[in-house]
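**Student:** Sequence:
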Amino acid sequence: GEHKMNGVERVERERRTRKVSQRVRVFDEDQRRQIILKRLKLLEDDHWQEERRRDDDAEDEDYVLSASSGDEVAVGTSKRPKKKKTNKKRDAWAAAQQCKSLQEVLDEAQYHQYPSWVPTYLSVAAAPSRYPPRRFCSVSGVAGKYRCPMTGDYLGSLDAYNTHRETRLRGLI
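With the first letter of the sequence shown counted as 1, position 99 gets the number 99 in UniProt numbering; the numbers rise by one all the way through.
Quick caveat, the hints were computed from the structure, so don't treat them as lab data. No residue lacks a Cβ here, since even glycine has one placed at the ideal position from N, Cα and C. Honestly, I wouldn't trust all of these hints.
Stated by the list, open to error - With a cut-off of at most 20 Å between alpha-carbon atoms, the simulated SDA-like pairs for lysine to any residue come out as follows: (1) K145 / R165; (2) K100 / Y121; (3) K88 / C99; (4) K100 / Q110; (5) K145 / T163; (6) K145 / D159; (7) K145 / A126; (8) K145 / H164; (9) K145 / S157; (10) K145 / Y131; (11) K89 / Q103; (12) K100 / T120; (13) K88 / Q98; (14) K100 / V118; (15) K145 / A127; (16) K89 / C99; (17) K100 / Y111; (18) K145 / A125; (19) K100 / R165; (20) K41 / E29; (21) K145 / L158; (22) K100 / L122; (23) K41 / Q31; (24) K145 / L122; (25) K145 / R168; (26) K100 / L43; (27) K145 / R135; (28) K145 / N162; (29) K100 / P115.
What the hints assert, rightly or not - Have a look at the derived ranges for each label pair, beta carbon to beta carbon: (30) Y131 / L102: 34 to 42 Å; (31) E108 / L40: 16 to 24 Å; (32) A125 / R147: 29 to 37 Å.
Could you put together the complete structure from these sequences and hints?
**Tutor:** Below, the structure written as structure tokens:
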């Protein structure tokens, strides 16, 4: 049926929802996985950076269409092309300032405002792995088959143990 609320007619949603749901395409698990992978790839390919965007906005020039050729001509005071000055220390400092800690990211996301049923970084959990933990050599990064008797670090070979002994056990032996 129809309801009147403040002089405005409202149609029940059930009828409209049924019509819309018939047109919605249903994806199986493989198609969903492909869509997710495509979205992730697009995100990885997008190297957008906040700093680069600010620099581009600051350096915009006025462009005027020339009457004869129809090409855009840059209007400026100098006839030589401008060379962009780069300050390596400033760029390194700006890059370091853009890095955020996990706590800062979590604070900005304001997860306390989400309903309890919405999964977030804080509430999501995964079951323990069915596989045993992988152990890597603390020196070379290869599979660690052996352990240091003093520190318990995993080591991949006798050479790695000698390096470990010379560097990390220097004060302990």
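**Student:** What hints, given by number in increasing order, does this structure fail?
**Tutor:** When the structure is compared with the hints, numbers 7, 11, 14, 15, 18, 19, 24, 29 and 30 turn out to be violated.
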